[in-house]
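Here's the letter readout for the chains.
2 protein chains.
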Amino acid sequence: MSSQQSISFIGSGNLAWHLAPALDNAGFVVKEVYSRNPQHAERLTDRLYQAEVKATLDFSTSESTIFIISVSDDAIKSIAQEIILPEEAFLVHTSGSQPLAELKFAATNNIGVFYPLQTFSAQKKIDFKKVPVFIESTNQETDGVLLLLAKSISNQVRKISSEERKALHVAAVFASNFTNHMLAISKDILQRNSLEFEWLKPLIIETIEKSLSIEPENAQTGPAKRGDLEILDKHLEFLKEDEALTEIYKVVSQHIVDRYQ
Amino acid sequence: MSSQQSISFIGSGNLAWHLAPALDNAGFVVKEVYSRNPQHAERLTDRLYQAEVKATLDFSTSESTIFIISVSDDAIKSIAQEIILPEEAFLVHTSGSQPLAELKFAATNNIGVFYPLQTFSAQKKIDFKKVPVFIESTNQETDGVLLLLAKSISNQVRKISSEERKALHVAAVFASNFTNHMLAISKDILQRNSLEFEWLKPLIIETIEKSLSIEPENAQTGPAKRGDLEILDKHLEFLKEDEALTEIYKVVSQHIVDRYQ
Chain A
1 MSSQQSISFI GSGNLAWHLA PALDNAGFVV KEVYSRNPQH AERLTDRLYQ
51 AEVKATLDFS TSESTIFIIS VSDDAIKSIA QEIILPEEAF LVHTSGSQPL
101 AELKFAATNN IGVFYPLQTF SAQKKIDFKK VPVFIESTNQ ETDGVLLLLA
151 KSISNQVRKI SSEERKALHV AAVFASNFTN HMLAISKDIL QRNSLEFEWL
201 KPLIIETIEK SLSIEPENAQ TGPAKRGDLE ILDKHLEFLK EDEALTEIYK
251 VVSQHIVDRY Q
Chain B
1 MSSQQSISFI GSGNLAWHLA PALDNAGFVV KEVYSRNPQH AERLTDRLYQ
51 AEVKATLDFS TSESTIFIIS VSDDAIKSIA QEIILPEEAF LVHTSGSQPL
101 AELKFAATNN IGVFYPLQTF SAQKKIDFKK VPVFIESTNQ ETDGVLLLLA
151 KSISNQVRKI SSEERKALHV AAVFASNFTN HMLAISKDIL QRNSLEFEWL
201 KPLIIETIEK SLSIEPENAQ TGPAKRGDLE ILDKHLEFLK EDEALTEIYK
251 VVSQHIVDRY Q
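The listed protein sequences correspond, in order, to chains A and B. The letter at position 77 of the first sequence is residue 77 when you use the numbering used here, and the numbering goes up by one with no holes. The letter at position 28 of the second sequence is residue 28 when you use the numbering used here, and the numbering goes up by one with no holes.
Warning: the hint list may mix true and false statements.
Copies of the same chain look alike in the list, so a pair counts if it works inside one copy or between any two.
Stated by the list, open to error - With a straight-line cut-off of 20 Å between C-alpha atoms, the simulated SDA-like cross-links for lysine to any residue are: (1) 124 with 226; (2) 201 with 213; (3) 159 with 143; (4) 130 with 17; (5) 130 with 213; (6) 124 with 201; (7) 240 with 251; (8) 77 with 226; (9) 234 with 78; (10) 240 with 192; (11) 225 with 25; (12) 151 with 138; (13) 124 with 255; (14) 151 with 17; (15) 129 with 155; (16) 201 with 212; (17) 250 with 152; (18) 130 with 209; (19) 124 with 205; (20) 225 with 72; (21) 124 with 221; (22) 124 with 14; (23) 234 with 72; (24) 77 with 104; (25) 240 with 188; (26) 250 with 48; (27) 129 with 205; (28) 129 with 198; (29) 77 with 163; (30) 159 with 109.
Hints listed in this document are in silico derivations from the structure and should not be mistaken for laboratory results. Treat the numbers as computed from the prediction; the structure is a model and nothing was measured.
For reference, chain A alone in the conformation it holds in the complex (with noise of 0.2 Å):
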């Protein structure tokens, strides 16, 4: 198997933006990119030595041997439906919630999954060696296919279910998603006061630090962790004209004191 398989994706949006360079820049080719919108697919060919938009989900005719399904997770069963693939194709996608099996009624036996986990935004570039890559699939020579091209860019590889990947992603929500939204209610409530937001990174930074260094469960410090009922209320009274900031404090809160009281 050489590395010169060419690619197709379909869908361009913030993981195919960082993913398609990646494998262009690992000596795989990606000829096409497919998007309902093609003005955006063009500025994700732009970026790419050889790819071209291609208007259709007729890749019939593609010289392309591996096709990757970037999209919303609630389309990815209906491009697998609707897509033609040349004979012999792998047909991927990229989802963490979303099972093998939204491919199932795809034109090819070579289905798969090629998760990888981490958060992408078009403006922060991401170092793809350090970003952990999570395959399945449904037969041996596929298996080979997602291995080659997970290896060509990522140090971290690793087989995993559609059930354990699924548990993954939530836990991701939580480490990633839920973790930057704290920052941006953080951030919120120092603006509504005229405070600097830049006041609280070095207190972010050093609690990321500690918490992967000695484990989130040992890190854990203030008023929920210490059971200080008084400060608790203290700040619910402070919050009191945004009902949703008090119902996130107080259910994040009550977790912490259930667990460390």
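Since the structure of chain A is provided, determine the placement of chain B on it from the hints.
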């Protein structure tokens, strides 16, 4: 004002554990440590050059000029009323949430707050140079002492009011305590499914680096940000046997959806 001033600590918790040696190393002399639990006090004096365990709150014959109350928030007021101080003593507390007024019944007019904004755990060393210290006091002389104290250990010293400090503390709870707890939850979910917390570490590091470099509101990703209700439902189904996690997942996701959709 010489930097040879002596300091007494009332309290020997995580903050005193880190702050007392930092001041000792910055040219002050920590002379005494009082704690309700004398063994705790002794553990701290063992880390200091000249400090001794103090058994009572009668400091009338103390050589110290600066008295730092670093105890749980609900104990500050009663200690301030009970403590017997030498003349001209400076009395400060280190709480984020308690106002300066907690000290108003103390037997000195030189009262202040010395609030280092950081998360302190016994196991993890702290570089105080990068810890912002927020000070407040009732008169210029006390301001001078607090500035000297704060600048001896930190590069970031600011004067803020009790109200501002409370907002800062609430923001810090979200940014540090809640963020760390999201990581603890994430680790729990992985362990229940025999998966490794280690695998999430590159994601967590990237999440925080990105959030601090492009601001949290630009760094948000995930199903709630995209308004992908189908995935939110799947995740809730996955979490359904854990009521508390279901509730946390719901309220945080709803807050993200409301903000970005």
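Violated hints, by number in ascending order, as checked against the structure: The structure breaks hints 11, 13, 17 and 26; every other hint is satisfied.
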